[in-house]
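> Residue numbers (this note's numbering), protein chains in the order written: chain L, 7 to 338; chain C, 7 to 338.
Certain hints may be false.
Which copy is meant is left open, so a pair is good if it fits within one copy or across any two.
In silico BS3-like cross-links for lysine-lysine, where the CA-CA straight-line distance does not exceed 25 angstroms [claimed, not checked]:
1. Lys307 - Lys293
2. Lys92 - Lys213
3. Lys327 - Lys8
4. Lys242 - Lys290
5. Lys204 - Lys259
6. Lys149 - Lys242
7. Lys242 - Lys8
8. Lys204 - Lys174
9. Lys8 - Lys210
10. Lys189 - Lys303
11. Lys337 - Lys213
12. Lys112 - Lys290
13. Lys189 - Lys92
14. Lys307 - Lys327
15. Lys324 - Lys337
16. Lys242 - Lys259
17. Lys293 - Lys189
18. Lys337 - Lys210
No lab work stands behind these hints, which were simulated from the structure alone. Computed from a predicted model, the values in this text were never measured in an experiment.
There are 2 protein chains.
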Amino acid sequence: MKNTRINLLARPIGNPAPECWEIEEVDIPEIEENQVLIQTQYLSIDPAMRGWMNEGKSYIRPVRIGEVMRALGAGIVVESKHPDFKAGDSVTATTGVQEYAVLNGKDVIKVDPAFVPLPVYLGTLGMSGLTAYFGLLETGQPKAGETVVVSGAAGAVGSVVGQIAKIKGCRVVGIAGGEEKCKYAVEELGFDACVDYKTGDLRKNLKEACPDGVDVYFDNVGGEILDTVLTLINLKARIVICGAISQYNAIQKPVGPSNYLSLLVNRARMEGIVVFDNAPNYGKAIKEMAGWVAQGKLNGKVDIAEGGIRAFPETLMKLFKGENTGKLVLKV
Amino acid sequence: MKNTRINLLARPIGNPAPECWEIEEVDIPEIEENQVLIQTQYLSIDPAMRGWMNEGKSYIRPVRIGEVMRALGAGIVVESKHPDFKAGDSVTATTGVQEYAVLNGKDVIKVDPAFVPLPVYLGTLGMSGLTAYFGLLETGQPKAGETVVVSGAAGAVGSVVGQIAKIKGCRVVGIAGGEEKCKYAVEELGFDACVDYKTGDLRKNLKEACPDGVDVYFDNVGGEILDTVLTLINLKARIVICGAISQYNAIQKPVGPSNYLSLLVNRARMEGIVVFDNAPNYGKAIKEMAGWVAQGKLNGKVDIAEGGIRAFPETLMKLFKGENTGKLVLKV
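Let the sequences and hints guide you as you build the complete structure.
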């Protein structure tokens, strides 16, 4: 039994090119006391991965050169020397991009695949969903009747942000790239409107979709879209900075929001979030979101890429090309 | 008895050129019931004036073309038909750039020149001081032992921000242009350090002056200085956006802070303030600050420009050239 894994070979400049990766086959080590051996079935493909590949101080240490690429995964316990797990258990954990992971049981979370399918625990009930939940509710603080705008509206985080904002009684306007994604946000996720940033005048279209202005903006993309929304915010607006996928592969310095003085004029706030800060409250949030899924108020759509572990490099690029709808996972 | 006043004749592009202004001599009208006639003695010269000259939605309506330029002033009541005022009272009000102003008594504030000199009511105990007070304490929320950085450190707002932060037990680091201003901030205002942005490597010098990073940054200047401080902030830092004097005369679109993703990495917050929102609490704040002035903890330095009302256009330009130290007022 061999383990195929993908290591980070070089730090990318711009897009992560194939040369950044090394595919390696190694033996699976014997597990020790308190460890479990997990067979990875699905890998979460996240924009944050691009940041983990960079050197320098961030909210989490960079992946080291030669180290297996960091990734959240969902899989099955094959062997356990930890009292809380037995072979056959479904679990999620930071498995890394590999077919088999050996982890201490304390870093592994047991999940119930009878309740929702395993990959949903990487999406709506995983980091993406938790990011949406805490970012919107704690930092965005939307009130019923307010207008919430979210970019990356058809993506893993944005789709959940919009649905939770609807549950909270807000007018929800998405921003997404292409007619198909916009249709998905409105027809399948229940957004009030969704603006295609690839066609027409974004500011004009967004202004029409937000006749009462923007109270909360949840930003996943950065760049010109953030700058445009800044011109439409209301007094005391809250801007949640969750990500900036438009900038992650930029070789030049990222573009700053030149309209940031709108924060002054409108006494508004722009605040960054990292989901890990809310770890003590994950359980409560997952329970509430699971309830919404059960009631049909929260859609758990997963975009499953095929091809196995070796397809990881090109699957990651799908994110930056905007080719996914909903949470992107790789089937291992 | 004639009133000399300065009207806005044209909206400036870039620096407010002499052609933007019209000097006019008019009769002083008879005052009506509840009105007072004020002889202006000092005019507050503020960076915000540049914004008031622009068209477009802001936190206050633009000065209209042909209208007397908006300004806060301090002076003496010459005649009163309002029960709360009598001739000889010292007052502050939005007098406009003119020698005599007719105002409803409800828009006039009586002050005591025996307590502090009249121009101090335009500075430390006026809008500049109130902006510093509320911006720092309510939005910045500094805690004892934290590091507070303030730009425009020798200016009307920055000098008060730093002194209040010292009163609250913080390490205070200023940023100012030129050796003389930095010396003033450290030696006369009691800052722990002050970095001259005109010499050497700002980031390196600032990093040395803030060995524990930056917890609160009070920004009066915007541009590259804001962008540099963003690279030095701590977890959960608060950035108060009070102004952006480096950008007010920009003809091109202002430069956005390209390092804004530091807000994400550090779960930090950037928030705009406008002092008018705190109007209901001015009285309490002025009382507290007056106490600090009386105790010698808060310096009320005023930079008095001479030349009378006709010197207003060039006095305003002193601000943008960075030629003032402390609150700039024009003696009328």
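> Work down the list of hints and note, for each, if the structure agrees.
Structure-based check of all given hints:
1. Lys307 - Lys293: within (18 angstroms within a copy, 59 angstroms between copies)
2. Lys92 - Lys213: neither (55 angstroms within a copy, 52 angstroms between copies)
3. Lys327 - Lys8: Classified as neither; 33 angstroms inside a copy, 70 angstroms across copies.
4. Lys242 - Lys290: For lysine 242 and lysine 290, the Cα distance is within 25 angstroms only across copies (24 angstroms; inside one copy 29 angstroms).
5. Lys204 - Lys259: both (23 angstroms within a copy, 23 angstroms between copies)
6. Lys149 - Lys242: For lysine 149 and lysine 242, the Cα distance is within 25 angstroms both inside one copy (12 angstroms) and across copies (24 angstroms).
7. Lys242 - Lys8: neither (56 angstroms within a copy, 44 angstroms between copies)
8. Lys204 - Lys174: neither (29 angstroms within a copy, 50 angstroms between copies)
9. Lys8 - Lys210: neither (56 angstroms within a copy, 50 angstroms between copies)
10. Lys189 - Lys303: within (18 angstroms within a copy, 62 angstroms between copies)
11. Lys337 - Lys213: Classified as neither: same-chain Cα gap 40 angstroms, cross-chain 46 angstroms, threshold 25 angstroms.
12. Lys112 - Lys290: Within. Shortest intra-copy distance 19 angstroms satisfies the 25 angstroms Cα cut-off; inter-copy 53 angstroms does not.
13. Lys189 - Lys92: For lysine 189 and lysine 92, the Cα distance exceeds 25 angstroms both inside one copy (43 angstroms) and across copies (69 angstroms).
14. Lys307 - Lys327: within (19 angstroms within a copy, 57 angstroms between copies)
15. Lys324 - Lys337: This pair counts as within: shortest intra-copy Cα distance 14 angstroms, inter-copy 65 angstroms.
16. Lys242 - Lys259: between (29 angstroms within a copy, 23 angstroms between copies)
17. Lys293 - Lys189: Answer is neither: 29 angstroms inside a copy and 58 angstroms across each miss the 25 angstroms cutoff.
18. Lys337 - Lys210: Neither, since 40 angstroms and 47 angstroms both go past 25 angstroms.
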